[in-house]
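Undergrad: Sequence:
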Amino acid sequence: MAWKKWMRILFPELQLLDHIRERGFSGKKAERQQQPETSPFRQSGMAGQSQSLASSAEKETFGPLASGREAVADTVRGWNKHAWVRSRAELDDLFPAIIEEVNGQINRQEPFVYEVAIAYKKSFLLRESGKVQHRLLLAGPEGTGKLRTLSLLLDQFCRKRLLPYGHVTTVDLDRYGEREAHTLFLLDCANAFRDGIGTVCFRGIERAGPEIVQYVTKLFADGLIRTPEGGQIEASDYFLVLHVDQPSPKSETAGAAEQMERRTLEKMISPAVPQALVKSLDTCAFTAAPGLDTLAKLLGERCLAQAERLEADIRLTLSFEESVFQELAKQVEQTKRYEKAIEEWVTHVFTPQLLDWRARGVLRSDQEALVAFREGELVLVSGAVSLLLPGLARGQEQELSEALLELEQLTGLDAVKKFVRECLDVVTAEKKRSLAGQTKLPMSMHMVFSGNPGTGKTTVARLVARIWKSMGLLSGGQLVEVTRQDLVGEYIGSTAVKTAERIKEAIGGVLFIDEAYTLSRDPADLYGREAIDTLVKAMEDHRDQMIVILAGYTREMDAFLKVNPGLRSRFPLQIEFPDYTPEEMAELLERMVIGRGYEIHPDARQHLLGMIEGKQVRGRSDTGNGRLVRNLFEEAVRRQSARLAQLEAGAEEWRWLRAEDWGIGDKERGTAENIMAELEEELAAVVGLEPVKYMVRSLAAQIQIAQRRKAAGIPDAAGQTLHMIFQGNPGTGKTTVARIIARQLYRLGVIKRDELIETDRSGLVAGYVGQTALKTREVIERALGGVLFIDEAYALAGAEGDFGREAIDTLVKAMDDFRDSLVVILAGYGEDMTGFLASNPGLRSRFPTIIEFPDYTPDELLQITRQLLAQRGYEASAAAERAMRQQFVQTQGDKMAGNGRFARNLCERAIRSHAMRLSRNKHATIQELTMLEECDVVEEAIYESS
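Its first residue numbered 1, the sequence shown is counted upward by one per residue in this note's numbering.
These are computed hints drawn from the structure, not numbers from a lab. Treat the numbers as computed from the prediction; the structure is a model and nothing was measured. Check the hints yourself; a few may be wrong.
[Claimed, not checked] EDC-like mimics (lysine to aspartate or glutamate), calculated; alpha carbons at most 20 Å apart, straight line:
1. K330 with D282
2. K122 with D293
3. K279 with E501
4. K693 with D859
5. K775 with D802
6. K813 with D558
Please take these sequences and the hints and turn them into a complete structure.
TA: Right under this line is the structure:
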């Protein structure tokens, strides 16, 4: 910070002196200076100058201390009292001259200029301080002089000593991100209202975030904003202006809107402006779209002025054929941006092209040239040389080209790109058909985007809005993103209103409804039906004014359109967004890394594709898309931060994401020897089940040999089928072994997720037709990449018509569709599972491995009991163990008793009995508190048997 700024922080009074030097004193002393032509309060610079506050740090540096600002505000308040002393007769005399002066500088907007001027005159007549002076809407097509008119009027008010400042402070609402609504936006608002009087214009509300819009609405309605910290920003003594770009109203309604009914007025205002804000407005002024003659005049004035400058700067003498301005005016009219389009073309297209030719020697010093139209092209003619100049139509073509280029640069999505190009071809053909005099066929451009999340649907929808706007099919080109909660109300009737509000926001652009199927998941959902009905009606009422895109999962969207046949006919354009391939995801990751200022280290790059392949599971909605890419990147950054946090790393090191940051080289899966050693360690912790352990070992060996054969290039057309059936009584270790197998399959690289999903009939079967398949698919999708364990699977084989058969059919299809992504284990009683497989021949062929789980022997159950007691901090005396073993012997052969659950229950009962016995002994020793005796086992057994 410069020393002068530091001085003004330490001594705030210097800010007041700066203010006085710039704008003078107020009050009686200022009156005695008698400077009627040039007000001492006028800001230096050209008339009509405006300043923007998109970011206060970029636009203007304000005084940092509150005391300095208060001093400035006191100075302005002195003017505040002086400004209202004009008599009403003086105001009547001044305003006609002011309006005439501004009309001389603004082309063909007399009603608009008059309305804006009268809005200020009302406040000058009332002379009310301490409140918002006026709330004014400036609306109309882009480039019709709305802000310029306001600036010129304020300059005149300043010259006539009606206001202290001749400038307007603008706040660009569309430049703030979601996270800046409560920070940067509020800071800029506070700065905008720091002087105590003036005009603040808010523009870009059509593209602003919802929290920004809410703040602006409160400011206009209440005259202040309350900040989250408890402070407030007041707009007392200010003129509040809302600037909105929107299509021009009819000629008879342009300009004044004061005498209209409120309903008519609200219909004229852009749907992007909330109704609460509309109701707070005092005056609404609309500009009219200029005609061809006006545009030709504007073009002539601007081009001739630029020609004079070019002659002075680069010594090039230009002249224009009169037809040039008429032809260019037609192109300007097509853009619907009028004066703005003219200024952009002259400044950023026409002049740079001439400067480039002059710099390259194509045009020489003191050369004369004529701008003309030849065979429909704008050219620069000098002698025998004719050079092609870019016309205004090229501006729209450039926007279209840029949007199409962005589409082509998207990773993957070849089918989507082809679809958009085909749509453009249809639109182009329709235009040519119309020019040929044939009847224009009505086209419906509503679309359905189906696919998993993170596959680019929203990005493409945003590009569609831009492309369709650049082709003249949409007036605004905005994308309004909504979900069910944005459309559905809390009671019957409120949904239609809520949905209509979002539709109104989307007119002129695209309404993008994500997860649209949630509007009709339940036939009894009256709220969703109300939203759909409202949407269908709006699509008919605004057929050529907006595009609706429904988006969601493929299967759910197909079901949604089947349930609502009227919708399918209204959405003729349907496109599937496929999951990204590992190669495409690697490309996405590379772009993301570079875009965030990082680089992938060479030691990681060669392993990156393999890492992604290891994470991606075919069929899962969360692994083949951009969200997985983002998660991988964020995890790598976290690991890098943890690695470098305690080191003295230089800036270069912080840039690199190394192999360890990506988790490459982790020993998580390990070598073959380590894997088998870990397997033996886990199996050793399992009591008994020797036949089962043998099967698990042989399965692991079979997988390892198959992997070695594949690495050696030995073909295996059949491949491996790892689906299994576990047969045995409850409590014989089936779930425990399933977890061990899932863990080993992951370590061996057979599955990509170390996860076992456990379920049974209740987790798969629903209460009515059609819902069982959906419920089963949801469970299957959760298990993709891991192991699905279905306990008591035989319960799915119910009677004819039972919904369990629907679950079986869904499961069998998924096993075929996701052969490499899913391992299924069915478990249940031996006899029941045998009957279950016999009733479904297709199942038996898909489960080649059947593992029998025998009941535990009495000695094995006693060993399990010791483990369970040790986990609880108990042990059993020799007598207690004999009593336990005796119970195990007595119940041997009972399929409900000869298992681990019986041992667990026996432990629980003995512990309760032990607690009852010692509850009367207040001086029990440590040994007594931890030792179960024979009586604890026997008494509980007697109680249970009784």
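Undergrad: Please write out, lowest number first, the hints stated earlier that are contradicted by the structure.
TA: Result: hints 1, 2 break, sorted rising.
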